[in-house]
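Asks: These are the residues of each chain, in order.
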Amino acid sequence: MKIIIRLRKIIALIILLAGLIVLPHYLEFHYQDLLIFLIVNVLVVASYRIVTLTGEWSLIHAVMMGVGAYTAALLFKNYNAAMWFTLPLAGGAAALTAALLSFPLFRMTQFYFLIGSFAAGEAIRLTWMQFIFPFGGSGGLSGIEPPIIGSIDFMDPIPYYYLALGVVLICLFILYRIENSKIGMTLHAIHWKAPLAESVGVDTWRYRALAFIIGSFFVGIAGALKIHYLGTITPNQFGIGFMVFILIWVIVGGYKTIYGPLIGVVVLTIFDESVRGFGELRPAIYGGVLIISILFLPLGLESIYPKILTWCGIGSNSSDGPPP
Amino acid sequence: MSILEVRKLTKQFGGLTALNNISFKVKEGEIHGLIGPNGAGKSTVFKNIAGFYTPTKGEIVYQGKKISGNQPHIIAKMGIVRTFQETTLFQEMTVFENVLMGSLAKSDINLFSAILGLDKQQQKAAREKVLEVLEFMGLTDRKNQLASELPLGSQRTLAISIALASEPKLMLMDEPFAGMNMEETNHMMDLTRKVQESGITIVLVEHDMKAVMGLCHFLTVLNFGHLLAEGTPEEIRHNEQVIEAYLGGAK
Amino acid sequence: MLLEIKDMHVHYGNVAALKGISIEVGEGDFVTLIGSNGAGKSTTLRAISGLDHPSAGVIVFDGKRIEQMSPDKILKLGIAHVPEGRRVFKDLSVKENLLLGAFVRNDEEEIKKDLEAIFLHFPILQGRKNQSARTMSGGEQQMIAIGRALMSRPKLLLLDEPSLGLAPVIVQEISRILVDINKQGVSIVLVEQNAELALELAQHGYVLETGTIALDGEAKSLMDNDHVRKAYLGI
Numbered sequence: 001m002k003i004i005i006r007l008r009k010i011i012a013l014i015i016l017l018a019g020l021i022v023l024p025h026y027l028e029f030h031y032q033d034l035l036i037f038l039i040v041n042v043l044v045v046a047s048y049r050i051v052t053l054t055g056e057w058s059l060i061h062a063v064m065m066g067v068g069a070y071t072a073a074l075l076f077k078n079y080n081a082a083m084w085f086t087l088p089l090a091g092g093a094a095a096l097t098a099a100l101l102s103f104p105l106f107r108m109t110q111f112y113f114l115i116g117s118f119a120a121g122e123a124i125r126l127t128w129m130q131f132i133f134p135f136g137g138s139g140g141l142s143g144i145e146p147p148i149i150g151s152i153d154f155m156d157p158i159p160y161y162y163l164a165l166g167v168v169l170i171c172l173f174i175l176y177r178i179e180n181s182k183i184g185m186t187l188h189a190i191h192w193k194a195p196l197a198e199s200v201g202v203d204t205w206r207y208r209a210l211a212f213i214i215g216s217f218f219v220g221i222a223g224a225l226k227i228h229y230l231g232t233i234t235p236n237q238f239g240i241g242f243m244v245f246i247l248i249w250v251i252v253g254g255y256k257t258i259y260g261p262l263i264g265v266v267v268l269t270i271f272d273e274s275v276r277g278f279g280e281l282r283p284a285i286y287g288g289v290l291i292i293s294i295l296f297l298p299l300g301l302e303s304i305y306p307k308i309l310t311w312c313g314i315g316s317n318s319s320d321g322p323p324p
Numbered sequence: 001m002s003i004l005e006v007r008k009l010t011k012q013f014g015g016l017t018a019l020n021n022i023s024f025k026v027k028e029g030e031i032h033g034l035i036g037p038n039g040a041g042k043s044t045v046f047k048n049i050a051g052f053y054t055p056t057k058g059e060i061v062y063q064g065k066k067i068s069g070n071q072p073h074i075i076a077k078m079g080i081v082r083t084f085q086e087t088t089l090f091q092e093m094t095v096f097e098n099v100l101m102g103s104l105a106k107s108d109i110n111l112f113s114a115i116l117g118l119d120k121q122q123q124k125a126a127r128e129k130v131l132e133v134l135e136f137m138g139l140t141d142r143k144n145q146l147a148s149e150l151p152l153g154s155q156r157t158l159a160i161s162i163a164l165a166s167e168p169k170l171m172l173m174d175e176p177f178a179g180m181n182m183e184e185t186n187h188m189m190d191l192t193r194k195v196q197e198s199g200i201t202i203v204l205v206e207h208d209m210k211a212v213m214g215l216c217h218f219l220t221v222l223n224f225g226h227l228l229a230e231g232t233p234e235e236i237r238h239n240e241q242v243i244e245a246y247l248g249g250a251k
Numbered sequence: 001m002l003l004e005i006k007d008m009h010v011h012y013g014n015v016a017a018l019k020g021i022s023i024e025v026g027e028g029d030f031v032t033l034i035g036s037n038g039a040g041k042s043t044t045l046r047a048i049s050g051l052d053h054p055s056a057g058v059i060v061f062d063g064k065r066i067e068q069m070s071p072d073k074i075l076k077l078g079i080a081h082v083p084e085g086r087r088v089f090k091d092l093s094v095k096e097n098l099l100l101g102a103f104v105r106n107d108e109e110e111i112k113k114d115l116e117a118i119f120l121h122f123p124i125l126q127g128r129k130n131q132s133a134r135t136m137s138g139g140e141q142q143m144i145a146i147g148r149a150l151m152s153r154p155k156l157l158l159l160d161e162p163s164l165g166l167a168p169v170i171v172q173e174i175s176r177i178l179v180d181i182n183k184q185g186v187s188i189v190l191v192e193q194n195a196e197l198a199l200e201l202a203q204h205g206y207v208l209e210t211g212t213i214a215l216d217g218e219a220k221s222l223m224d225n226d227h228v229r230k231a232y233l234g235i
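Chains X, R and A, in that order, are what the protein sequence lines are. Under our numbering, the residue at position 9 of the first sequence is numbered 9, and the numbers go up by one with no gaps. Under our numbering, the residue at position 71 of the second sequence is numbered 71, and the numbers go up by one with no gaps. Under our numbering, the residue at position 180 of the third sequence is numbered 180, and the numbers go up by one with no gaps.
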């Protein structure tokens, strides 16, 4: 039975991967762009998940993405650094910033942490705005380019998509490994019962900080991936507006499993595109769907999956199935 | 030989003195009872020992070393583990995972071995330890159940199993018998004795006099943050002051 | 009959917590439910006070069907529930906590009288009526919880494990007060893990086992029952 389930999983994964590889060839140019940003946003929410595992929701994730993006942009502009350098260094810079911030921030919990993380993020963002040198002020920087290797110009969406897909898949794999390791389990444990975890020897402060640093590392990479393709960077790309989108993706997708936020970002992005024809009504429709989804699926889109399984009579081990 | 010594412990919250100059010793290998009326300061003593509070005055000495002032996780690593008054478990995890958490908590963080899966040896050892603890505590049959689905008696047993998996030398048990019926109380008494016989010293806060008198080798009685009396269960049972302040006329 | 439960079933999801129990409480009665954890004692109280609704069966209180009523309506009819675990509003004063119990009433003068009556039951609370409940001991918090329930002037008082986690001497005091309250005409349904205490206080007892009533009878006769002695009294 176990082998069959495993086999089924592997086959599903192969189909998904094949789909992701052929997909851009069937899309218009505009959608190819969108697909790249979607793939980057997948990494944004997946990395945010590791932060939220301990039960602390930060409002600084978007800014951390900016830290990565600015690092990549500055390295490229000033030293013409190759992308293979800018990507890990972008992650490293975000992780380092997170490590420094974890000293003041993790003295706070819950609501205070939320507000504290927002304040720290705004302070960083205002620094980018205030300093024309080196950050370009509110106008930001432009002319950041993806690499050209041999005859492949990554300025084209399709090659860049493959590059981004590869990087994101590697990052997702690492995040998945972390969540399913002892570290992930400990983060869950801290979320559920911090005093109990402490009483058996868990240093909750260090684990909270570690989750924040790991999350920031990967969102820093996402920032670099985005900015190399987009070419221009401004402080407003990483403002509270984008942060709210991250929160919405996670909440609508669900945060019980690693798949929830991924489903959220994909479904909502596709949905947002599909109502483009409605013009000014688009934000209203988007908002309406959000409210409906939170009302009727408070546990997120991910909670549909086990329900479907139960309806099909496959996975009837869920406790909220129909009475016999 | 005493494993734990509380020396002139005073704890104040603002103007309120919760503990006033409390001293007592816990002998290694014994079950030591800490009793007294509600609000006498028993839980506060526990929180001071386990590092959740820092004493205002006085100190706590464990195995000859001063430990007060350290954080809970550091004290836990030294071998002191507490269980909680209200049943405190990782409700969303299975019984096995709960105990695994207890056994893994003390080990260091290693990100790379976690990503690359290099800690297989350690994981395997931890899993074996968990199975051993579950067998010892009689929870093997329930190992794949969610903690939240267990009946109360088993939840308490699980709480002790988590503590046990962290390989403590001293266990602080906060009202493990509360709300139990006779049968469950008897079972829990057997388990507590078994834990003690395996070489772990126990400090027990409890109101169930059957359990306290039946289990403890020595008792410390607190009242309004003061030390009221100490002695063997037999001595305490007949102590006039304790009868008046705590035991009442019934027994 | 003040309260009459007939063939009541309660389900949580797929799980049957109560499988057809019938209980009667007359005016002025002191009834106790004993049994193991998970036998359905708390569920019975929750169903009476409207916190859970039965999936089948009838609850009649004072001549009215109440099994589908909301908790606030049931409270107004005269059933007050003191849940397990001394739930008090920790940041409010003792007096404020008690007055919250009279939330459903509008008769200012009568409320004042009742407050005085409660302080007669619990003199220790009167001395500390302006202190916040947080500073009170567990026993005193339990007294506040009972006092608050009395402030709604119930005809029937439901108590869930009032002795839990309390010192023996406090348990004895609260027991005395419960008997007093009962003598003044308030009917009581007491759920207790401490079967010995419960059977001493009550006139009538029901033994619940896995969602059904295994035994019922006069409290004194239950105390002499072999099964009860073995399973619940440990003799």
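A few of these clues could be false.
Straight-line distance between alpha carbons at most 25 Å, and here's what the computed DMTMM-like set of lysine to aspartate or glutamate pairs gives [as the list claims (entries may be wrong)]:
| # | chain 1 | residue 1 | chain 2 | residue 2 |
| --- | --- | --- | --- | --- |
| 1 | X | Lys193 | A | Glu24 |
| 2 | A | Lys90 | A | Asp62 |
| 3 | R | Lys106 | X | Glu28 |
| 4 | X | Lys256 | R | Glu149 |
Under 10 Å between C-beta atoms, here's a sample of chain A residues computed to sit facing chain R [said to hold, decoys possible]:
| # | residue |
| --- | --- |
| 5 | Asn37 |
| 6 | Ser70 |
| 7 | Pro71 |
| 8 | Pro83 |
In short, the hints are calculated from the structure, not lab data. On a predicted model such as this, the values are computed, not experimentally measured, just so you know. Where a beta carbon is used, it is the ideal one built from N, C-alpha and C, also for glycine.
Asks: The structure should be examined with respect to each hint, and the outcome stated for every one.
Replies: Right, here's what the structure says about each hint:
Between Lys193/X and Glu24/A, the direct Cα distance comes to roughly 42 Å. Violation of the 25 Å bound is thereby established for this hinted pair. Distance restraint check for Lys90/A and Asp62/A: the Cα-Cα separation of roughly 34 Å exceeds the 25 Å cut-off, and the hinted pair is therefore not satisfied. Of the supplied pair hints, the one linking Lys106/R and Glu28/X is violated, its CA atoms being roughly 54 Å apart against a limit of 25 Å. For the hint linking Lys256/X to Glu149/R, the alpha-carbon distance of about 19 Å falls within 25 Å, and the restraint holds.
With 10 Å as the threshold, the beta carbon of Asn37/A comes within range of chain R, its nearest partner Cβ sitting at about 4 Å, so the hint holds. Violation of the interface hint for Ser70/A is found here, the shortest Cβ-Cβ separation to chain R being roughly 27 Å, above the 10 Å cut-off. Against a cut-off of 10 Å between C-beta atoms, the interface hint on Pro71/A is violated, since the closest Cβ of chain R lies about 24 Å away. Among the interface hints, the one on Pro83/A is violated; its C-beta lies about 13 Å from the nearest C-beta in chain R, farther than the 10 Å criterion.
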